[in-house]
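Residues in the sequence shown are numbered consecutively from 1, following UniProt numbering.
Just so you know, the hints here were simulated from the structure itself, not pulled from any lab data.
Every residue, glycine too, gets a C-beta built ideally from N, C-alpha and C.
Check each hint, because a few of them may be wrong.
Distance ranges between label pairs, derived from CB positions [said to hold, decoys possible]:
1. Gly54 to Asp79: 14 to 20 Å
2. Asp47 to Asn98: 34 to 40 Å
3. Lys97 to Pro76: 21 to 27 Å
4. Asp47 to Asn9: 30 to 36 Å
5. Asp24 to Asp67: 16 to 22 Å
6. Glu65 to Lys97: 33 to 39 Å
7. Met70 to Arg38: 15 to 21 Å
8. Arg85 to Asp27: 18 to 24 Å
Using 16 Å as the maximum straight-line C-alpha spacing, the simulated EDC-like pairs for lysine to aspartate or glutamate come out as follows [claimed, not checked]:
9. Lys97 to Glu8
10. Lys97 to Asp16
11. Lys97 to Asp41
12. Lys97 to Asp27
13. Lys97 to Asp40
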Amino acid sequence: MSFFESCENVRIEINDGSIFLHCDAQDVDGNLHPATLRLDDFIGNEDGWFMWDGVNAGQSAQRIELDGPMLTAELPMRDGGYRERQGIDLNDRISNKNGHLELHWLASSGQYYVCKQLL
1 MSFFESCENV
11 RIEINDGSIF
21 LHCDAQDVDG
31 NLHPATLRLD
41 DFIGNEDGWF
51 MWDGVNAGQS
61 AQRIELDGPM
71 LTAELPMRDG
81 GYRERQGIDL
91 NDRISNKNGH
101 LELHWLASSG
111 QYYVCKQLL
């Protein structure tokens with residue numbers, strides 16, 4: 001289930017250069033469970049582009065915002081310049097399973113696998 005459509009109070013926080021996603025994730029009974037996820041554990045910056053399976057995007061990103069399920073920011077390139085505002089859709093890899101956030105990985109076969117259940 002799309003995390004953004006099944007969670008409430010979805011927001012980001014920048015703390016010590018790291019990006020944290022906070023929300024209240026709804027379970028099948030409609031109960032809400034607080035959830036926090038450190039996005040820097042699996043999103044990085046590759047030459048001014050957000051990249052899944054990277055780390056520490058928050059260390060270099062500027063003007064970080066959440067626009068619906070899209071994490072957006074200005075990211076530096078290797079040459080020191082900045083690309084125009086970039087975004088990455090958090091729904092691509094994060095889902096809500098009965099009040100718990102899960103991180104998914106897409107294999108080259110096109111099949112999704114659960115990498116980590118995030119409490």
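Hint-by-hint comparison with the structure:
no.	hint	in the structure
1	Gly54 to Asp79: 14 to 20 Å	19 Å, holds
2	Asp47 to Asn98: 34 to 40 Å	38 Å, holds
3	Lys97 to Pro76: 21 to 27 Å	35 Å, violated
4	Asp47 to Asn9: 30 to 36 Å	34 Å, holds
5	Asp24 to Asp67: 16 to 22 Å	19 Å, holds
6	Glu65 to Lys97: 33 to 39 Å	26 Å, violated
7	Met70 to Arg38: 15 to 21 Å	18 Å, holds
8	Arg85 to Asp27: 18 to 24 Å	34 Å, violated
9	Lys97 to Glu8	14 Å, holds
10	Lys97 to Asp16	29 Å, violated
11	Lys97 to Asp41	20 Å, violated
12	Lys97 to Asp27	7 Å, holds
13	Lys97 to Asp40	21 Å, violated
In summary, the numbered hints that this structure violates are 3, 6, 8, 10, 11 and 13.
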